[in-house]
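> Sequence:
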Amino acid sequence: MTSPLTHFDAEGQAHMVDVSAKAETHRVAVAAGEIRMLPETFALIASGTAKKGDVLGVARIAAIQGAKRCSDLVPLCHPLPITRVKVEFELDEPGSRVLCRAQVETLGRTGVEMEALCAVQVGLLTIYDMCKAADRGMVIDGVRVLQKQGGKSGDWSA
Numbered sequence: 001m002t003s004p005l006t007h008f009d010a011e012g013q014a015h016m017v018d019v020s021a022k023a024e025t026h027r028v029a030v031a032a033g034e035i036r037m038l039p040e041t042f043a044l045i046a047s048g049t050a051k052k053g054d055v056l057g058v059a060r061i062a063a064i065q066g067a068k069r070c071s072d073l074v075p076l077c078h079p080l081p082i083t084r085v086k087v088e089f090e091l092d093e094p095g096s097r098v099l100c101r102a103q104v105e106t107l108g109r110t111g112v113e114m115e116a117l118c119a120v121q122v123g124l125l126t127i128y129d130m131c132k133a134a135d136r137g138m139v140i141d142g143v144r145v146l147q148k149q150g151g152k153s154g155d156w157s158a
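Using the numbering used here, you'd call the opening residue of the sequence shown number 1 and step up by one each time.
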């Protein structure tokens with residue numbers, strides 16, 4: 001019986017999956033997550049008056065960079081020619097939280113779920129970094145893949 005964990009060979013050793021025989025297809029992944037904070041911290045972000053500047057603008061660029069650098073951070077992740085990264089932030093004042101959603105696309109032989117997850121995490125970490133002087137108790141939560149399209153396994157939605 002073969003293991004469903006593709007990053008291990010027959011001897012149980014970690015390896016990078018060989019995707020050379022796979023067809024190049026258009027692949028899309030969407031991930032999301034949130035960061036919760038004090039209402040005062042939320043107000044700084046929403047008003048654009050945080051000491052370090054435009055928190056969401058910087059976090060958007062950081063999220064895009066996170067998607068592009070995913071293979072540098074996750075050891076067995078393939079470097080991919082990313083064709084699109086779209087990052088959106090939603091402000092939830094009643095919940096005192098910022099939601100992040102990232103969509104990553106490529107024309108390639110393997111999916112972009114990891115890149116979408118990295119984008120969300122780096123975007124949320126950047127919000128934390130830029131606001132930690134005001135609120136060290138912020139919580140990053142719920143980071144997950146919402147959707148993937150393309151490839152041999154087809155489409156999937158949470």
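In case anyone wonders, no lab produced these hints; they're calculated from the structure.
Be aware that one or more of the hints could be misleading.
Said to hold, decoys possible - Derived SDA-like pairs (lysine to any residue); straight-line CA-CA distance at most 20 Å:
(1) Lys-68 <-> His-78
(2) Lys-22 <-> Pro-81
(3) Lys-51 <-> Arg-97
(4) Lys-68 <-> Arg-97
(5) Lys-51 <-> Arg-144
(6) Lys-86 <-> Lys-132
(7) Lys-86 <-> His-26
(8) Lys-86 <-> Lys-52
(9) Lys-52 <-> His-26
(10) Lys-22 <-> Arg-144
(11) Lys-86 <-> Pro-75
(12) Lys-86 <-> Ala-133
(13) Lys-68 <-> Arg-109
(14) Lys-68 <-> Ala-133
(15) Lys-22 <-> Ser-71
(16) Lys-152 <-> Lys-52
> Is Lys-86 close enough to Lys-52, meaning Cα to Cα at most 20 Å?
Violated, at about 23 Å.
> Against the 20 Å threshold, does the CA-CA distance of Lys-68 and Arg-109 hold or violate the hint?
Holds, because 16 Å separates the two Cα atoms, which is no more than 20 Å.
> Would you check the hint for Lys-22 and Pro-81, treating anything up to 20 Å between C-alpha atoms as holding?
Holds, at about 15 Å.
> Does Pro-75 lie within 20 Å of Lys-86 when you go C-alpha to C-alpha?
Outside the cut-off at roughly 24 Å; violated.
> Between the alpha carbons of Lys-68 and His-78, is the straight-line distance 20 Å or under?
11 Å, holds
> Measure nothing beyond the straight line between the CA atoms of Lys-51 and Arg-144; if it is 20 Å or shorter, mark the hint as holding.
Since the Cα atoms of Lys-51 and Arg-144 sit roughly 30 Å apart, the hinted pair is violated (cutoff 20 Å).
> What's the verdict on Lys-68 and Arg-97, does the C-alpha distance respect the 20 Å limit or exceed it?
26 Å, violated
> Checking one constraint from the list: CA of Lys-22 to CA of Arg-144, max 20 Å. Satisfied?
25 Å, violated
> Hint check: Lys-86 vs Ala-133, CA-CA at most 20 Å. Holds or violated?
28 Å, violated
> Decide if the proposed pair is consistent with the structure: Lys-52 and His-26, CA atoms, cutoff 20 Å inclusive.
38 Å, violated
> Between Lys-51 and Arg-97, is the straight-line Cα distance small enough, at 20 Å or below?
Satisfied, since the Cα-Cα distance of roughly 19 Å is no more than 20 Å.
> Please verify whether Lys-86 and Lys-132 have alpha carbons no more than 20 Å apart.
Violated. Lys-86 to Lys-132 sits at ~25 Å, over the 20 Å cutoff.
Against the hints set out earlier in the document, violations occur for numbers 4, 5, 6, 8, 9, 10, 11, 12, 14, 16.
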